[in-house]
Amino acid sequence: MSQQRPIRVLIGKPGLDGHDVGAKIVSMALRDKGMEIIYTGLHSTVEQIAQIAVQEDVDVIGLSILSGAHLPIAQKLISKLKEKGASDVPVVMGGVIPKKDIPVLKQYGVAEVCPFSTPLTQVVETVSKIASTRKRN
Amino acid sequence: MAEKKEVKKYGFDWGVELKPVYKPEDLKGIEYEKEIGNPGEYPFIRGTFPLMYRSRPPLYRIYSGFLSGEDTNARLRYLFERGMPTMSIALDLPTQLGLDSDDPRAEDEVGRIGVAIDTLQDMEDVLKGIDLGKVSTNITINALAPILLSMYIAVAEKQGVGKNQINIVTQNDILKEYVVRGAWIFPPKPALRTTVDVIEYCAKEIPKASPVSVAAGHIRSSGATAAQEIGWGFAIAFAYLQTALDRGMDVDQVASFITFTFHNKLNFFEEAAKYRAARRIWAKLLKERFGAKNPRSLLLRSFGGGGMEELTMQEPLNNIIRETCVALGCILGGVQGIGLCCYDEAYTIPSPEAQLIQMRTVQILMEEANLGDVADPLGGSYYIERLTAELEKAIMAVMEDVEKAGGAVKAIENGLIQRICARGAYERQKQIDSGEKVWVGANKYASEGQEWDVKLHEYDPTIQERQIQKLNQVRKQRDNAKVKQCLQELKRAAESGSNIVPFTLEAVKAYATVGEMTGVLREVFGEFKEPAVF
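So the sequences go chain by chain: X and D.
Under the working numbering, think of the first position of the first sequence as 37, with each following residue one higher.
Under the working numbering, think of the first position of the second sequence as 42, with each following residue one higher.
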């Protein structure tokens, strides 16, 4: 395990939502735990995010969405990843996400959801756990 | 969870430790006549107007907008019928970013967090039956303030309401969009120009407008302290003011058109001190630095409110109490307007029930508890006067730092403000996680495993299709040759450096779409490329 490269995480802000405080603090928390962060910046398309995920060979994709568009965006990203042969890259979502949408997101194939007010320690734990599951595959 | 017992810290993040009690000695050096004065008198620390809320009750604003113009109009009427004194229109993200509802980039976002506006037709639907000569209106629009202002003027004209009767606030604070919120389109320089186009146009044509509301509150919510909120907010305001002065306008022509939106945290003593200190600094700087002569130029007019970052998803009804604290900070601080969050906004945009409670909160505080009967009720308190003086020093230090960094535009372009905010937000989150910052019912006294689902606003996914149909109808019915001509003239104005507002107004009246007008401006101004800063 120790000779492995650090966990590489893509943090994406898909869609038009510009509220990026959550994306930034999650990025900082993951970076402080030794992970490598690739941040897509604002107003990214699902296509761009999937493309970067493949190019950078990331272990996890983290999406932050506060606009309410999390359901369609998740569905599109997951099918885009499939299209690119990257359906093994797990997706974690955060942001303003009502509880009732969480099972729907999981059904679409989202690995885990960390809604608004999830402690950072829990976010970090979730991301490392999910990343290591993928690496064993 | 924490293993060793932490000692509670008393103080504020802008660098003051609090004593257990404040005494007469804390007022040393603060002379009433010289430093404080009466409400409505320089330096306005005790309030903007002599009688404060007896003469001008605070306007409370309920940020509303979703789906179509008709849907939004129905919600606005619901709130007006229950006593709402002013309206505040929330636009969807495609509108804020200049995309029509049929643009592929608008997919899934049409009418979601605000109302979809493609053409003047949509604005007519939003404002149907609302007398624009009688109400005041806030529109939270930044990059496209010239276009939305034009639409409002055009609807007013159709109602027979002249520009001199319109009372409109356009947020039009583009610089903070590069720090937080992210609704930018053009690079900062041309964006600054269109911001000042709106200010200049209103200063000449719409005497009751507030063409820019510097939304420093968003910066606070993204991780800034109270001192940074005011210090950076003023630095941004000075960037707009200076740009207007560079065009040959006079300070007394511009200053009274600049207003502010601030965000409160829950400690209303800190927030009241913030508004008091801010009023004094603004008055002093406008007088001493900019040489303003008209007393109106010295008045800080502020809208206070809450940021969503203080809300919890757990036990969401507790958010009503949190927002009551925010409202107290506003009223005790002497703001002109209040815009609270709704208790369900940690989940989604608010339901009508949640909006009603938000409005009732202010109505109860003002009309049942009568908290506004006496101006500056905290004035003279050993604690508040000392806190105001300390906070003023901290704000001035922030302003000096921005000036050293070359002013607000430079400090934003090189990411200085963004970095400090991101760091602040990260530290705050760590304090929440460690329990140092308490969130009752969430990180302390939490009831594990309980569900608190409240009745939430539901999105209607058929809106995009409905909106596209409406847009196509407008495109078919309008005079397309006229639209083309208006767009060409808008382009020429953008290229030549003329004020673009008269040209967006003509294009709007011809039913040009938001996307068409923005497209023309994009060609001339280019698009902003965001640097990664955290």
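Just so you know, the hints here were simulated from the structure itself, not pulled from any lab data.
Cβ atoms here follow ideal geometry from the backbone N, Cα and C, with glycine treated the same way.
Hints may be right or wrong, so weigh each one.
Cut-off 20 Å, straight-line C-alpha distance, at most; resulting in silico cross-link-like pairs (DMTMM-like, lysine to aspartate or glutamate) [stated by the list, open to error]: (1) X:Lys135 <-> D:Asp501; (2) X:Lys135 <-> D:Glu489; (3) X:Lys112 <-> D:Glu492; (4) X:Lys136 <-> D:Glu564; (5) D:Lys570 <-> X:Glu83; (6) D:Lys451 <-> D:Glu568; (7) D:Lys199 <-> D:Glu165; (8) D:Lys451 <-> D:Asp287; (9) X:Lys136 <-> D:Glu499; (10) X:Lys135 <-> D:Glu165; (11) X:Lys136 <-> D:Glu165; (12) X:Lys112 <-> D:Asp144; (13) X:Lys69 <-> D:Asp474; (14) X:Lys136 <-> D:Asp501; (15) X:Lys136 <-> D:Glu356; (16) X:Lys112 <-> D:Glu506; (17) D:Lys496 <-> X:Asp137; (18) X:Lys112 <-> D:Asp143; (19) X:Lys116 <-> D:Glu148; (20) X:Lys142 <-> D:Glu492; (21) X:Lys112 <-> D:Glu148; (22) X:Lys135 <-> D:Asp494; (23) D:Lys471 <-> X:Glu161.
Okay, the calculated bits of chain D under chain X, using three or more residues with CB under 8 Å as the criterion [stated by the list, open to error]: (24) 90 to 96; (25) 125 to 139; (26) 385 to 392; (27) 469 to 483.
Selected chain D positions facing chain X (in silico; Cβ < 8 Å) [stated by the list, open to error]: (28) Glu441; (29) Ala463; (30) Gly490.
Tested hints:
A C-alpha spacing of about 18 Å is found between Lys135 of chain X and Asp501 of chain D, which places the hinted pair at or below 20 Å, so the restraint holds. For the suggested pair Lys135 of chain X and Glu489 of chain D, the alpha carbons sit about 15 Å apart, so the restraint of at most 20 Å is met. This hinted pair does not check out: Lys112 of chain X and Glu492 of chain D have alpha carbons roughly 29 Å apart, beyond 20 Å. For the suggested pair Lys136 of chain X and Glu564 of chain D, the alpha carbons sit about 43 Å apart, so the restraint of at most 20 Å is broken.
For the proposed pair Lys570 of chain D and Glu83 of chain X, the alpha carbon gap of about 18 Å is at most 20 Å, so the pair holds. Proximity of Lys451 of chain D to Glu568 of chain D is assessed by CA-CA distance (about 18 Å); at most 20 Å being required, the pair is judged to hold. Of the supplied pair hints, the one linking Lys199 of chain D and Glu165 of chain D holds, its CA atoms being roughly 9 Å apart against a limit of 20 Å. As the CA atoms of Lys451 of chain D and Asp287 of chain D are separated by approximately 17 Å, the hinted pair is consistent with the 20 Å bound.
Restraint check: the Cα-Cα separation between Lys136 of chain X and Glu499 of chain D comes to about 12 Å, which is no more than 20 Å; the hinted pair holds. With a C-alpha separation of about 36 Å, the suggested pair Lys135 of chain X and Glu165 of chain D falls outside the 20 Å cut-off, and the hint is violated. Of the supplied pair hints, the one linking Lys136 of chain X and Glu165 of chain D is violated, its CA atoms being roughly 36 Å apart against a limit of 20 Å. For the given pair, Lys112 of chain X sits about 17 Å from Asp144 of chain D by alpha-carbon distance, which is consistent with the 20 Å threshold.
This hinted pair checks out: Lys69 of chain X and Asp474 of chain D have alpha carbons roughly 15 Å apart, not beyond 20 Å. The suggested pairing of Lys136 of chain X with Asp501 of chain D holds, with an alpha-carbon distance near 16 Å, which does not exceed 20 Å. Simply put, Lys136 of chain X and Glu356 of chain D have alpha-carbon atoms about 16 Å apart, close enough for the 20 Å limit, and the pair holds. For a cut-off of 20 Å, the pair hint linking Lys112 of chain X to Glu506 of chain D stands: about 19 Å separates their Cα positions.
Between Lys496 of chain D and Asp137 of chain X, the direct Cα distance comes to roughly 14 Å. Compliance with the 20 Å bound is thereby established for this hinted pair. At roughly 18 Å between alpha-carbon atoms, Lys112 of chain X and Asp143 of chain D fall within 20 Å of each other, so this suggested pair holds. Between Lys116 of chain X and Glu148 of chain D, the direct Cα distance comes to roughly 16 Å. Compliance with the 20 Å bound is thereby established for this hinted pair. For a cut-off of 20 Å, the pair hint linking Lys142 of chain X to Glu492 of chain D stands: about 19 Å separates their Cα positions.
Restraint check: the Cα-Cα separation between Lys112 of chain X and Glu148 of chain D comes to about 11 Å, which is no more than 20 Å; the hinted pair holds. A threshold of 20 Å between alpha carbons decides the hint, and for Lys135 of chain X with Asp494 of chain D the separation of about 8 Å falls inside it, so the pair holds. For the given pair, Lys471 of chain D sits about 15 Å from Glu161 of chain X by alpha-carbon distance, which is consistent with the 20 Å threshold. Only when three residues or more bring their CB closer than 8 Å to a CB of chain X does the claim for the region 90 to 96 of chain D stand; here the count is 0, and the claim is violated.
By the rule of at least three residues with a Cβ nearer than 8 Å to a Cβ of chain X, the coverage given for the region 125 to 139 of chain D holds, with 4 such residues. For the region 385 to 392 of chain D, the stated coverage by chain X holds: 4 residues have a C-beta nearer than 8 Å to a C-beta of that chain, and at least 3 were required. Chain X is given as covering the region 469 to 483 of chain D, and this holds because 6 residues of the stretch bring a CB closer than 8 Å to a CB of that chain, at least three being needed. Using the Cβ-Cβ criterion of 8 Å, the hint placing Glu441 of chain D at the interface with chain X is not satisfied: the shortest such distance is roughly 26 Å.
Among the interface hints, the one on Ala463 of chain D holds; its C-beta lies about 5 Å from the nearest C-beta in chain X, closer than the 8 Å criterion. With its C-beta approaching chain X no nearer than about 12 Å, Gly490 of chain D sits outside the 8 Å limit, and its interface hint is violated.
The structure fails hints 3, 4, 10, 11, 24, 28, 30 (numbered hints given earlier, in ascending order).
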